[in-house]
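Asks: Okay, here's what each chain looks like letter by letter:
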Amino acid sequence: MSENADAGAKGASDGAVPAAWEPVIGLEIHVQLATATKMFCGCELSFGERPNTHTCAVCLGLPGSLPVANARAVHFGLMIGLALGSELAPRSIFHRKNYFYPDLPKGYQISQYEEPLCRGGRLGDVRIHRVHLEEDAAKLIHVGASGRIHGSDASVVDFNRGGTPLAEIVTEPDLRSPEQCSEWLKLLRTTLRQLGVSDVNMEEGSLRCDANVSVRPAGARELGTKAELKNMNSFRYLERGIRAEIARQVEVLQRGGEVVQETLHYDPASDRLTSLRSKEEAHDYRYFPEPDLIPVAIDERMLARARAELPELPAARAERFQRQLGLSRESAQLLAFRAELGDYLEAALAAGAEPEPPPQALANWVSGELAGRLDEGADPASSRVTAAALAALVGLVSAKRVSVGAARQVLDKLVTEGGEDPAAIIEREGLAALDGGEELAAVVAAALDANADAAERVRAGNEKAIGPIIGTVMRETKGRADGGEVRRLVREQLGI
Amino acid sequence: MIERSEVLAVARLARLELSEEELEPMARELSTVLDHIATIRQLDLTGVAPTSHVVDVTGALRPDEPRPCLPREVALAQAPAVSADGFLVPSPQA
Chain A
59 MSENADAGAK GASDGAVPAA WEPVIGLEIH VQLATATKMF CGCELSFGER PNTHTCAVCL
119 GLPGSLPVAN ARAVHFGLMI GLALGSELAP RSIFHRKNYF YPDLPKGYQI SQYEEPLCRG
179 GRLGDVRIHR VHLEEDAAKL IHVGASGRIH GSDASVVDFN RGGTPLAEIV TEPDLRSPEQ
239 CSEWLKLLRT TLRQLGVSDV NMEEGSLRCD ANVSVRPAGA RELGTKAELK NMNSFRYLER
299 GIRAEIARQV EVLQRGGEVV QETLHYDPAS DRLTSLRSKE EAHDYRYFPE PDLIPVAIDE
359 RMLARARAEL PELPAARAER FQRQLGLSRE SAQLLAFRAE LGDYLEAALA AGAEPEPPPQ
419 ALANWVSGEL AGRLDEGADP ASSRVTAAAL AALVGLVSAK RVSVGAARQV LDKLVTEGGE
479 DPAAIIEREG LAALDGGEEL AAVVAAALDA NADAAERVRA GNEKAIGPII GTVMRETKGR
539 ADGGEVRRLV REQLGI
Chain B
-4 MIERSEVLAV ARLARLELSE EELEPMAREL STVLDHIATI RQLDLTGVAP TSHVVDVTGA
56 LRPDEPRPCL PREVALAQAP AVSADGFLVP SPQA
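Going down the list, the protein sequences come from chains A and B.
Residues 59 to 554 in the working numbering are what the first sequence spells out, letter by letter.
Residues -4 to 89 in the working numbering are what the second sequence spells out, letter by letter.
Quick caveat, the hints were computed from the structure, so don't treat them as lab data.
One or more hints might be untrue.
Incomplete in silico selection of chain B near chain A, CB under 10 Å [what the hints assert, rightly or not]: (1) Gly42; (2) Pro45; (3) His48; (4) Pro63.
C-beta: ideal position from N, C-alpha, C; glycine also.
Excised from the complex, chain A in its bound form (with noise of 0.2 Å):
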């Protein structure tokens, strides 16, 4: 029996895999390039323009006219290669993809079938199978029924798009939950844009991924009959359509049915994976080399151009936080693969601030206190925090100047009212830390009166009684006093 998931089969999103079953998933990532003009023409690429005003004969497929490849494109194209550690042909040519869409003027994509640019290489614990250069469709906007069609839908084509230069990247099938995708993706995310060859915005299309997804048995070598899953435009939906095709297959194959190769449409909004294209209409292509362009032949200028551009990668990039900075591994790759707390982290680092903080110190207040406090997902360079600002925060935390809770309080203030001078905030708003003088001594004095039963049961040994003392101190203090120096005192004044 054999079952496709026409019917919208709704996804048991939140089920686990049972272990009998493991998900076996491959990516396919397309890329916009940030190129100036187009893969084949000159038109120059379009950002929200009016609609069909980035267009000429190549990009609407007109009769007569002829393709040239984009020089950049290309150099991207090598610069990701680079960056992948792929094989990269000396000599790759472009196929025609022949299938008829009204996205499509030419009735064929110019695509790379096979000799694509680069081949293998890997990111992560992610092997590449290949990276192709191709052109992106137009952009269909559905109308509905009216316009000069009489009775009938209508759909308007908009061209600007048409010709966009891709690359498609596409892994081997190495990924095994739909968490494992969303976290590669946004490595290979954060790659892509450290080498600057796109805007990487999944929700503004500039990155596009695919599924294959399939399911097997635990322990088994052969691959299972795989799904393809379109239109998961952010890593959530990513995740969560995967999740829910892997739970679909799971369930039929249970049952003693067979999962149908198809292509899957997924529903954010209903979380339903429905079937693109019924079996008949299964996609024969027919390839065959482009006339109307010539091989590309990569030289060594060429190369060594790409090879002068490649900037440091997060791959490397954390592992140089561990070695120079001496952060732990979690707490590097977290910095290395959000680049832009990386940069943040750097550039607080390089502020030169007295008394300095440590690293790892600094590291954890930029991914957590600072970027906490931020909208998701946000530049801290763009926040009210200067990264000098909070490098003086951190030192001053770390001088026990100002007591961790204190310093919170003037992030809070840094955050919404910006300054150069977290200790200026300390002044004005009376948070510097108690030292641990008379002042300090009277407020613990005072806290084991108010507190005197839990006084006692510390001084008979239980130590976990010294909590509401601590807290009353921290209460009176408005947190300024160093959580240690409490400690000490309260066990000096009982005599312990």
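Chain A is fixed; fit chain B onto it per the hints.
Replies: Relative to chain A, chain B alone:
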């Protein structure tokens, strides 16, 4: 000679509407082409790279520099149907 069903399948992919009278001659012509390729296949071509292009030129790339686009009215002028914004087509979903 190739099968009638194969001719129909290829015609459908190419969006060609063939009449009954056209089917048989089309099958014959296509078969001639395929026979010719079968003849070439008899040659021993080990070590010969596929000839995707007959010209011995590579690397003609275009600098990434903008060139003028067509005015919108000109781009739309030859379309059989237009709306205010662009080319009007029957909905592919319909």
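Asks: All hints, please: hold or fail.
Replies: Hint by hint, here is what the structure shows:
no. : hint  : verdict
1   : Gly42 : 17 Å, violated
2   : Pro45 : 8 Å, holds
3   : His48 : 6 Å, holds
4   : Pro63 : 8 Å, holds
Of the hints listed earlier, the one the structure fails to meet is number 1.
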